[in-house]
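Participant: As given, the protein sequences belong to chains A and B, one line each in that order. The number in our numbering is simply the position in the first sequence, starting from 1, with 8 added. The number in our numbering is simply the position in the second sequence, starting from 1, with 42 added.
Treat the hints as calculated values from the structure; they're not laboratory data. Since the structure is predicted, the reported quantities are computational estimates derived from the model, not experimental observations. Don't be surprised by glycine CBs; every beta carbon is placed ideally from N, CA and C. Treat the hints with care, since some could be wrong.
Straight-line C-alpha distance at most 16 Å; calculated EDC-like pairs for lysine to aspartate or glutamate [unchecked claim]:
hint : chain 1 : residue 1 : chain 2 : residue 2
1    : A       : K52       : B       : E57
2    : A       : K86       : A       : D65
3    : A       : K23       : A       : D82
4    : A       : K19       : A       : D94
5    : A       : K91       : A       : D65
6    : A       : K52       : B       : D138
7    : A       : K70       : A       : D94
8    : A       : K109      : B       : D138
9    : B       : K110      : B       : E45
Covered, in the sense of this in silico footprint (three residues per stretch, anywhere, with C-beta under 8 Å from a C-beta of chain B), are these stretches of chain A [unchecked claim]:
hint : stretch
10   : 20-28
11   : 33-42
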Amino acid sequence: EAGVAQSPRYKIIEKRQSVAFWCNPISGHATLYWYQQILGQGPKLLIQFQNNGVVDDSQLPKDRFSAERLKGVDSTLKIQPAKLEDSAVYLCASSIGTDEKLFFGSGTQLSVL
Amino acid sequence: KQEVTQIPAALSVPEGENLVLNCSFTDSAIYNLQWFRQDPGKGLTSLLLIQSSQREQTSGRLNASLDKSSGRSTLYIAASQPGDSATYLCAVHIWDMRFGAGTRLTVKP
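The shape of chain A in the complex, shown without the other chains:
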């Protein structure tokens, strides 16, 4: 069974530039999550989708972050413009349902210079 796919693996940008991350969840998983993990901390939920609808985006900085999940499958997370404090690992996860085990991708490590 294929796992959660994320790309790119690494990204280095300058502040005020824009960046986009892509995630392909496990086939059949209705729930998709984007997390931000700062070094030394646990992951923080940015946004949760159920199929192609947003369930929770209360911690998403909406002035600069946006996310979409077209057709309830793949998802993209965008940051525009990036700030230094956005340097982190961005993790995508999926699950069959909201009460089920989470499966994570390997993440995208973002460095904002």
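Chain A is already provided as a structure; the job is to place chain B on it using the hints.
Facilitator: Frame of chain A; chain B shown alone:
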């Protein structure tokens, strides 16, 4: 607001030792609790999922317990091995999945 705390932040043990990792949370009205393992530069791997109606789950050398009333969970690792070296995170699910900062485990040969 749900707070999740993991103690200790780091732990070093000799190979073969049994060990316990701790997780505490402030709001007992949880749907479930999961324990994850994270290797450096990698994503998280789910180890055990305990539903709110359960008291424990076991997988191989791992046993996780849940006491909702006291807001605590423990992850017991039996006969630790160097390959168990990683960061272990717990996460509680209420409205969303909230993670602790993790315990970094080193098992020395």
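Participant: State for each hint whether it applies.
Facilitator: Going through the hints against the structure:
1. K52(A) with E57(B): 32 Å, violated
2. K86(A) with D65(A): 14 Å, holds
3. K23(A) with D82(A): 27 Å, violated
4. K19(A) with D94(A): 12 Å, holds
5. K91(A) with D65(A): 20 Å, violated
6. K52(A) with D138(B): 10 Å, holds
7. K70(A) with D94(A): 13 Å, holds
8. K109(A) with D138(B): 13 Å, holds
9. K110(B) with E45(B): 14 Å, holds
10. 20-28: Contact hint for the stretch 20-28 of chain A vs chain B: violated, 0 residues under 8 Å.
11. 33-42: Result for this restraint: violated, n = 1.
Hints 1, 3, 5, 10, 11 from the earlier list are contradicted by this structure; the remaining hints agree with it.
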